[in-house]
Each structure stands twice: as structure tokens, then as C-alpha cells.
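Chemist: Here is how the chains run, residue by residue.
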Amino acid sequence: MKPAAFDYARAATIPEALAALRDGARPLAGGQSLGPMLNLRLARPGKLVDIKRAEGMRAVALSATSARLGAALTHAEIEDGRIEDVTRGLLPHVARGIAYRAVRNRGTLGGSLCHADPAADWVTTMAGLGATMIARGPAGERAIAAEAFMLGAFTHALAEDEMLAAVEIPRLSPAARWGYAKINRKTGEFAMAIGMAVLDGPLARVVAGAVEGPPALLPRAAAALLAGETPDLDAELAERLPHLPPPERKLRAVALRRALAMLSEAR
Amino acid sequence: MDGDGGGARGGGGIGARVRRKEDARHLAGRGQFTSDIRIAGMRDVAFLRSPVAHARVVSRRAPAGADLLFLDDLTGVGEIVTRSSIPGYKLSSWPVMARDRVRYVGEIVAMAVAADRAAAEDLAERAEVEFEPLPPIASCAAGRAEGAALLHPEWGDNLFLHSRFDSGIEAVAATAPVKVELDITCARQVMHPMEGKGVVAWWDHRAGMLVVQTSTQVPHLIRSGLAEVLGIPQAMVRVAAPDVGGGFGYKCLLQPEEICVAWLALTRKAAFRWIEDRREHLVAGANARQHHYTLTAYANEQGRLLGLDAQVEVDTGAYSVWPFTAVLEAAQAGGNLPGPYDFRAYRAEVFSVATNKPPFAPYRGVARPGVCFAIELTIDAIARAVGREACDVRAENLVPGSAMPYVNVTNKHYDSGDYPASLATVREQIGLDAFRAGPARDEKGRYLGIGFATYTEQSAHNTKVFAAWGLPLVPGYDQAQVKLTPDGALEVRAGIHTIGQGLETTLAQIAHSMTGVPFENIRVTLGDTATTPYSTGAYASRGIVMSGGAVSRAGEVLAGRIKAIAAHLLQTEAEQIEFRDGRIHAGAASLDYADVGRAWYLRPEQLPEDVNTAGLEVTEGYKPATDNGVFSYASHAAKIAVDPETGIVEILDYVIAEDCGRMVNPMIVEGQTYGGAAQGVGTALFEESPYDEQGQPLASTLIDYILPGPTEIPAFRISHSETLSPHTAHGIKGVGEGGAIAPPAAIVNAINDALSGLGVRITQIPATPERIRAAIAEAQA
Numbered sequence: 001m002k003p004a005a006f007d008y009a010r011a012a013t014i015p016e017a018l019a020a021l022r023d024g025a026r027p028l029a030g031g032q033s034l035g036p037m038l039n040l041r042l043a044r045p046g047k048l049v050d051i052k053r054a055e056g057m058r059a060v061a062l063s064a065t066s067a068r069l070g071a072a073l074t075h076a077e078i079e080d081g082r083i084e085d086v087t088r089g090l091l092p093h094v095a096r097g098i099a100y101r102a103v104r105n106r107g108t109l110g111g112s113l114c115h116a117d118p119a120a121d122w123v124t125t126m127a128g129l130g131a132t133m134i135a136r137g138p139a140g141e142r143a144i145a146a147e148a149f150m151l152g153a154f155t156h157a158l159a160e161d162e163m164l165a166a167v168e169i170p171r172l173s174p175a176a177r178w179g180y181a182k183i184n185r186k187t188g189e190f191a192m193a194i195g196m197a198v199l200d201g202p203l204a205r206v207v208a209g210a211v212e213g214p215p216a217l218l219p220r221a222a223a224a225l226l227a228g229e230t231p232d233l234d235a236e237l238a239e240r241l242p243h244l245p246p247p248e249r250k251l252r253a254v255a256l257r258r259a260l261a262m263l264s265e266a267r
Numbered sequence: 001m002d003g004d005g006g007g008a009r010g011g012g013g014i015g016a017r018v019r020r021k022e023d024a025r026h027l028a029g030r031g032q033f034t035s036d037i038r039i040a041g042m043r044d045v046a047f048l049r050s051p052v053a054h055a056r057v058v059s060r061r062a063p064a065g066a067d068l069l070f071l072d073d074l075t076g077v078g079e080i081v082t083r084s085s086i087p088g089y090k091l092s093s094w095p096v097m098a099r100d101r102v103r104y105v106g107e108i109v110a111m112a113v114a115a116d117r118a119a120a121e122d123l124a125e126r127a128e129v130e131f132e133p134l135p136p137i138a139s140c141a142a143g144r145a146e147g148a149a150l151l152h153p154e155w156g157d158n159l160f161l162h163s164r165f166d167s168g169i170e171a172v173a174a175t176a177p178v179k180v181e182l183d184i185t186c187a188r189q190v191m192h193p194m195e196g197k198g199v200v201a202w203w204d205h206r207a208g209m210l211v212v213q214t215s216t217q218v219p220h221l222i223r224s225g226l227a228e229v230l231g232i233p234q235a236m237v238r239v240a241a242p243d244v245g246g247g248f249g250y251k252c253l254l255q256p257e258e259i260c261v262a263w264l265a266l267t268r269k270a271a272f273r274w275i276e277d278r279r280e281h282l283v284a285g286a287n288a289r290q291h292h293y294t295l296t297a298y299a300n301e302q303g304r305l306l307g308l309d310a311q312v313e314v315d316t317g318a319y320s321v322w323p324f325t326a327v328l329e330a331a332q333a334g335g336n337l338p339g340p341y342d343f344r345a346y347r348a349e350v351f352s353v354a355t356n357k358p359p360f361a362p363y364r365g366v367a368r369p370g371v372c373f374a375i376e377l378t379i380d381a382i383a384r385a386v387g388r389e390a391c392d393v394r395a396e397n398l399v400p401g402s403a404m405p406y407v408n409v410t411n412k413h414y415d416s417g418d419y420p421a422s423l424a425t426v427r428e429q430i431g432l433d434a435f436r437a438g439p440a441r442d443e444k445g446r447y448l449g450i451g452f453a454t455y456t457e458q459s460a461h462n463t464k465v466f467a468a469w470g471l472p473l474v475p476g477y478d479q480a481q482v483k484l485t486p487d488g489a490l491e492v493r494a495g496i497h498t499i500g501q502g503l504e505t506t507l508a509q510i511a512h513s514m515t516g517v518p519f520e521n522i523r524v525t526l527g528d529t530a531t532t533p534y535s536t537g538a539y540a541s542r543g544i545v546m547s548g549g550a551v552s553r554a555g556e557v558l559a560g561r562i563k564a565i566a567a568h569l570l571q572t573e574a575e576q577i578e579f580r581d582g583r584i585h586a587g588a589a590s591l592d593y594a595d596v597g598r599a600w601y602l603r604p605e606q607l608p609e610d611v612n613t614a615g616l617e618v619t620e621g622y623k624p625a626t627d628n629g630v631f632s633y634a635s636h637a638a639k640i641a642v643d644p645e646t647g648i649v650e651i652l653d654y655v656i657a658e659d660c661g662r663m664v665n666p667m668i669v670e671g672q673t674y675g676g677a678a679q680g681v682g683t684a685l686f687e688e689s690p691y692d693e694q695g696q697p698l699a700s701t702l703i704d705y706i707l708p709g710p711t712e713i714p715a716f717r718i719s720h721s722e723t724l725s726p727h728t729a730h731g732i733k734g735v736g737e738g739g740a741i742a743p744p745a746a747i748v749n750a751i752n753d754a755l756s757g758l759g760v761r762i763t764q765i766p767a768t769p770e771r772i773r774a775a776i777a778e779a780q781a
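If you read the sequences in order, they're chains A and B. Oh and the first sequence: position 46 is 46 in the working numbering, straight run, nothing missing. Oh and the second sequence: position 372 is 372 in the working numbering, straight run, nothing missing.
Note that these hints are calculated values from the structure, not bench results. A virtual CB, placed ideally from N, CA and C, is assigned to each residue, including glycine. Misleading hints may appear alongside valid ones.
Some chain A residues flagged as far from chain B (calculated, every beta-carbon gap over 10 Å) [as the list claims (entries may be wrong)]: (1) 2; (2) 88; (3) 92; (4) 254.
Straight-line Cα separation of at most 30 Å, BS3-like style, residue types lysine-lysine; simulated pairs [as the list claims (entries may be wrong)]: (5) 47/A - 2/A; (6) 250/A - 464/B; (7) 90/B - 2/A; (8) 2/A - 186/A; (9) 90/B - 464/B; (10) 186/A - 250/A; (11) 186/A - 444/B.
Restraint ranges, calculated between C-beta atoms of paired labels, are given here [what the hints assert, rightly or not]: (12) 174/A - 666/B: 54 to 64 Å; (13) 89/A - 19/B: 37 to 47 Å; (14) 101/A - 771/B: 52 to 62 Å; (15) 441/B - 226/A: 32 to 42 Å; (16) 396/B - 212/A: 47 to 57 Å; (17) 710/B - 245/A: 51 to 61 Å; (18) 666/B - 101/A: 24 to 34 Å; (19) 15/A - 267/B: 31 to 41 Å; (20) 61/A - 771/B: 14 to 24 Å; (21) 73/B - 188/A: 44 to 54 Å; (22) 234/A - 401/B: 50 to 60 Å; (23) 89/A - 401/B: 29 to 39 Å; (24) 19/B - 61/A: 47 to 57 Å; (25) 441/B - 245/A: 51 to 61 Å.
Construct the entire structure; sequences and hints are all you get.
Modeler: Structure, rendered in C-alpha cells:
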């Protein structure tokens, strides 16, 4: 279980990384998914470009309405609050549940998003927050809505010559409430189901995660939430997730109900 | 029972909670495991393994000039053939690499040799092998089906063994008022020592000897096995085990990889190594535990078990492992299913079915986690059938303490103990009565339950048992050597190996008790055929009984010789000599052990005329006079919560009352119990290596094969009793396997207790969230 030979280059800047991508290299960040895939020889890139030290990839820019997080920031940095949290505790809460500490020390926000494992946490979290993915390519920067970023299991909206540079996360107000329920077999394991809800003034978002594809936004449930009504989760899940067998849909409904219950607990 | 030798008590002797000698290096990360060994010029081996479960090998070709070997290249190498005298047992012949067929995914097809492992894997990919598929046998049912494809065509069927036991059950079956039927399934598991297998082999030109450093529990056995398969004299082979990071049974077998790497070193007179990776381990090795039971139990109206009629299938894999065969599991399953219970009508039919899966290996507890799960679910089912508390029914069915020693229906000789007392202890500690008076669900809506399991652990079964199975190697007298050094320290050598169970510490404790040499001045060397006397090794919970007994006996003899010299130096009689506080006393006078050592080695003019010329070095052999096993036992109780919406089980409390006779070191007994019970939690709730119908393993990484982590393991609460064995030195019994036996039974009984109101019966392990949710849905449908 040793990788086939590959070339390795470390990019000092994002343009340097993009040049390497044009040259056929694939990006390497924390390596917590790519590393095992290289060892199992499931991934056999001829060339890797290490982007995690490229200038700007670990930057944090705060504004009144958002935080822009460099894609190479680690789960642990988010967990530990070394980055100012604009989500009223949601991001550190999610980070703490990712794998185990050794993985969180190296694994990156952007790497997890680009790996696009349906059962991973950040893809659902960012869709639930309405975050924006900031891609960099030859033509410059491009914004992609989080819910449009993941196209399917292990596929995303970036072109071959693009990379994820940052994630822009909307700032939640002091009145905001959130719920995040991850059902998994053991601590840190990939999720069997994720339910997430955010309620912030006129904004409500409800999302089902770990659904074998991109996370499913549930606008009717969100509208019900704003109206103070009980959402009909089962019906909306059946519509949004017809590919899942009924017991699997039921489990997502359980996760969502638990996330919604966290909202009222926070009241 | 033997005495405790020269009167040295406390300090680091038998019964002391001393810290392990091994810990200094392991806690500092300075252990030396197989993959830490570096030999100049050493080359790495990678194996190409079969991607298909069952196929004819039509052709194979290596690129010109590549150091890539197939079976035909390994001149002079025999196949792994494990004989047994069990009537009806069929032999398999296991080539170290595929000959004309492959019989499981992961079977070795080619061996690649290169400067490092990555290059060797590159090379292995270049082998051109053509397979012609054969119908795969991926389950016992498929293997036993009419017209099934045959793994070993010369057999005529797919059964390694079809064994029967019948004490007569018709009378009970015809008259018993209560009858319960169960269908019970245990998943295939892969045992997981932290360190996988690994072997380094080289040629020692000075000694003219093949040296094999291998991660094994049984170095002396591996020497015999390697010499036989390689066709060379045993004196030409040295096998030594470095630090071993857990074995659990996987490492008590001769592995094809060991043979291939040893062959390279033997024929090329250079150094080679293979280090198993976790994927090879998951796919090709360490398979265990897969049983299926069809049970009918008969009882009276009070729930007294009167008879048991059992059909057992063991999904045995493709070949018979050396030296323990493919049918040890079946023998243990059929023989141990009656468990700690007192009943006389028992019929069992056991099928060891050959399947296109890796060979079945003995895993901590060998068959007993399965049989304990089966019989303990049966007891609970009987209790439900008669409407009584399962713990009460269990207590009434156990062999009572007053019946000891007790010979059970399968002729197991339970030597000592009080099984109902251990059950009463855990019942009290888990708080059953208060629990029954309390709520059935917690504040989160989870269902609560308590489950029990009691088992016996046949330990240190020796000549009588293994001779009856007629295995290639029957264990007899384990040997140990003790030697006083010129400066008065003690060297202990034994051929058994420490694989994490702390024998460097416990053997030193016994040696201290026998000789009085201070614990800190005792050094224990194990597991090297060049430097230690013979032992068949560490398996079957035998180490502390067998090697411990040998150290005890050798220590006793050495103590006599020390006393003789000391008495001469102190001008007194040997009977007046006493070992105390790390010194040698006679009345008010005393000596250091160094004085005795110096006299023998350096100042022989001080020795008595009649001194024993064998000196201060003693090798003795030991086996208990009655050696068909001494029975440790325990009761476990689990309190759990089941989330009915997710199917997730949380263990809220877990208590164990165990009795392994005299404890040499209670901390080590507890460590063994914790570790075993943690593995038992894995068996109960997490671990499963499923195969599809094509015989493809579906769990090839630890993402798919879920091991419990620290947060899934409860804080086990352990209490001890010490009922001495009448048969062994110091009354010691083995304790290495027990912890792993009961958790599946106790936990699933607790789940069924919790969900009894919903009519749910879980009879399959692991009890995964999916299975629990499905069972609830089915019960509600």
C-alpha cells in the first residue's frame, strides 16, 4: 500500500499553483483523503501541486456581513477558535465532529469540500449556511453558490484548471439559531445522516446531508420554519430524495427533526 | 497445589500489582517491531493477490528480467498441509502461491522483489495473469447446496468436517413442556492487532543459518513449520519474534508470506522483508468468527434447560491453517456450546464448510464468543417463554459451586469455581432490581435494557486435548531456564512469546517468588529459538499456566542450589536459609545473591565439596498433571440504551465478575479483561467483513470495517474472585481470551431486553443500527 511514483511541487502563490494545474498537476492540500487514495493506488496522478502554503490560502478576511476563509485552513483551526467564528458556534461545533484530532490537524476546509464525499460535514454545512465558494482560475475569481458546488458524489463544479481558493461564509446575527444533527455509528465516523437548520431573522435554511449525492435543500421546510409551522419533512424528502429507499429517507427525517429540536432548545 | 517457593513474599512476587517491565520501552515508543528491523541490503517484497474468488489460473507471465516470481520459481518449497486425526477430516493442500487455481480474493499469485515496497508494488502490477472464472462459493449455504461447485474436487463435497455429538435427546424432546427455536448468525470478522503480520529473513553466513524475524506468537512452531515446508533441517533455522503488537491468534499460524520470504533468504543468501499492510490484512488474512446456529432448546415450566439440539455451520474459508487446522473452530464450537450450564441431553451437528474466502484463523476465544452468544440468547429465550426474569433462569441453570469439580455433557472437566456467585455479583453491581422498578425509557426516549452472560474459558488445554485432535504439534512440557549471573541477578528464558500480555513481567514475578531475587534484578528473554528453551508458544490462554509453571519449577530447583551454596558460605544447613527482602538469610547472618553467584563462577574455592555441578543454571519442563484445561469463568452484565429512531446502542454501564484462579498480577488480569471486552464490543456492535455472492470482500479498508474507538468502549467495572485450580502450579488459570467471549451475548441480551416491549428479537451480530432499525420496523409492520 505505497503510492505509485508522482512528481511533487509546492506552490508559493495561487498563480503558481494554477500554472501547475494547467500543466496537468492535481492539487494536494491536507492529504487526509488523497493520501489514503494514493496509497491504495485508487488515485494515480503523475504530478501533485501542494497548495496549502500558497499565499492567501490560509488568509482570513472579515467584513460586516461575512468571513472569507482561505481554503487551506484546517478543521482544527476552526475547532479551536483560532479563526474568528461568524456563525455563532456552528463551525467549531461541526469541526469538532470531523474524524479524529490527527485528521483535523491536517485536513483542510477546502480539501474536504473538493473531495465532495456526500457523507462529509462541510459540504452540508456550507450549503446550509448559504456560503459562497471562491474559485480561482486562469480568468481570475469566480463565485459559486455552495449548494451548486457539489454536483454528485465525489464531483464538484470546478474546472480542471481551477482551484478552490476560499469560502465566504455569511455572518449570522446575534439572534440567529442553528441546529446540526449528525447520526453516525461512532465518534468521528462519516455520517449516516445529517440534518441542519439555520434560522436568522428573515432567513431560514433547512438541509438534509449525507444523502449519497449533493446535500438537499428543503425550501418548503424552511418556509414552514419562518411561518412557525411544523414542516412536512417526509413529503419533501420523498420529493427531493426519490433515490433513497424509505428507511434511509426516514433516517434523514430523524436527523432533521433533531436539528430542528436544537433550534427550539436554543430559543 | 505447589507452594510459593522460598518464602519471598510481597515486593514483586505472585499477586503483586507491579508495573510492567515492557512499559518502559513501549510507552517511550522504543519497542522494536518487525518493521523497525534494518538489515544491510534488505529488499522489500510485495505480493500480487488474486482479484477473484474462484478461478483457474490459465497463464502467468512476468516481464523479461523482472524479479517477479510465481510458484514454479520457488524450487523445493512444499505446500501447507495440516494433518489431524479427527475422523472424517479432509486435508487441503495450500500452495504458498497459486498453483493451478485461486480459491479466495487475496490469495497470493506472484511475489515481487525490489529495493523498496513501492517499487515492489509497481513490479507486482506488471505480472500478466489470466484467470478463467469458476463458480464462487461465498456462503455455507452455497457450499452445502446440491450440485455446488467444489473447492477441492477430490473431496466430493465442500466439507472439511461434518462432526456429530449425541448424548441422546429424543426422550427430552418428546416430553419437555417448553421448546424454543433460534436462528443465530455471527458475522465474519477480521481480528485487528495494531501491528499486522511482518517478516524479515536473512542468511547468517557465520552461523550457516537462515534467520527469520517474524511477528509471531509461536517462534518454535514456526521454526518446525518452515523447516518442513522448505525441506531443510530445523538446526539450520533460527526463528525469533521481536516485539509483537498483538496477536490474538492470527500470529500463531505459519503464513505463506513467511515461507516465501524465508525461501528468498535461504536461496539468495541475502535479506528480504514483507510487512503486511492493512488492506492485505483486511482482505486476505485474519478471518474469524463466522458461525450460523440453528438451535432447539427444551426446558421445563420453570425454565430449567433440559436439552439442546444444535446445528452449527462454520464458514471456514478455502484452506486449513497450520498447525491448528480448519476444524479447531468446529471442535470448540460443538464442544463448548453447552457452556456453564448443567444439562445432560445434547445433540450437535457441526459443518465446517469450505468457502471461497481466506482461511479461518483462531481468534481470541476461538468459537466461544459464538457459542456463548448462542447459548446465552437461548437462556433468555427460555426465560421469555416461561415468563420469568432471565437472570433468575440463568442462575438456576448454571452448574452450582457445590457440584465442583463437574464433568459436563461434552466431557469438559470444570475444575473449580462458583458460577452462580459471579452472576449474583454482576446482578448486584449493575443494579437489576432497582432498574426493573424504574422507567423503561430515558429522557431522550431511548429504550433501556440489561443483559447478562456467563461463560467458562477453557485455558491451558494441553497434551490430552491436542493429542485427541491429532494435530501436527501436540503441546507437552513447556520449558523455562533460570540462571543466576555472577553478580547475583536472574536471567529467565522461555520459548513462549510476549505479544502484549505482559509475560516479561509476570514470569519475573513468579521467578521472584521462587528465588527471592529482587524483581528489578530479573530479566526475561522470550521467543527466540536460538536462545530460549522449547515452548509451543502463546495461544489458548496457556502462557501463565504453562511457562509460568515451568519458571516456577526451574526457580524452585535453582532456589535449592542457591541455598546449598549459601548454607556453605554461612556455615549452616540449607534448611536454615531464608529468602527475604532481596537477600539470603540464616538467622542473623545474611548474604547477597552476588555472593552466591561470585562463589560459583569466580571463587570456586569457596564452594562445598559436594556442590551440584550443574551450577546456577536450571532448565525445567512443566505441564499440569491433569492437562485437559483449567476453566476460568466470568459473568458480564451490560446496561444499554437503544435509540429506536437511529438504531444506535449506547453502553451505559458494564460490569464483569471474573475468576481466573490465582492472579499473578491483578493489573495484568484487568488489562487482559479490558482488552478482550473491547474486542467483544466490536463483535457485538461494529465489526463485520461481508462478502458479496461473487466472493468479493466488501470491507477492504477501515472506512468500511468499523472498529470501536475509545469513545465506544465503556469503562468496564471488574471484580475478582480467586478460586484456585487444583491442577496447576500456584492454582493459576489462564485469562487471555475470556474478556472477548461474553460481550456480544450480554449486549444483545440487553438490546432484546430493552426492545422486548416492541417484540424485537435480535439474533445476529454485529447488532448494527441498520439491523436494529430493520428489526423494529419489521416488528411494527
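Chemist: Against the structure shown, which of the earlier numbered hints fail to hold, in ascending order?
Modeler: Result: hints 1, 4, 6, 7, 14, 17, 19, 20, 23 and 25 break, sorted rising.
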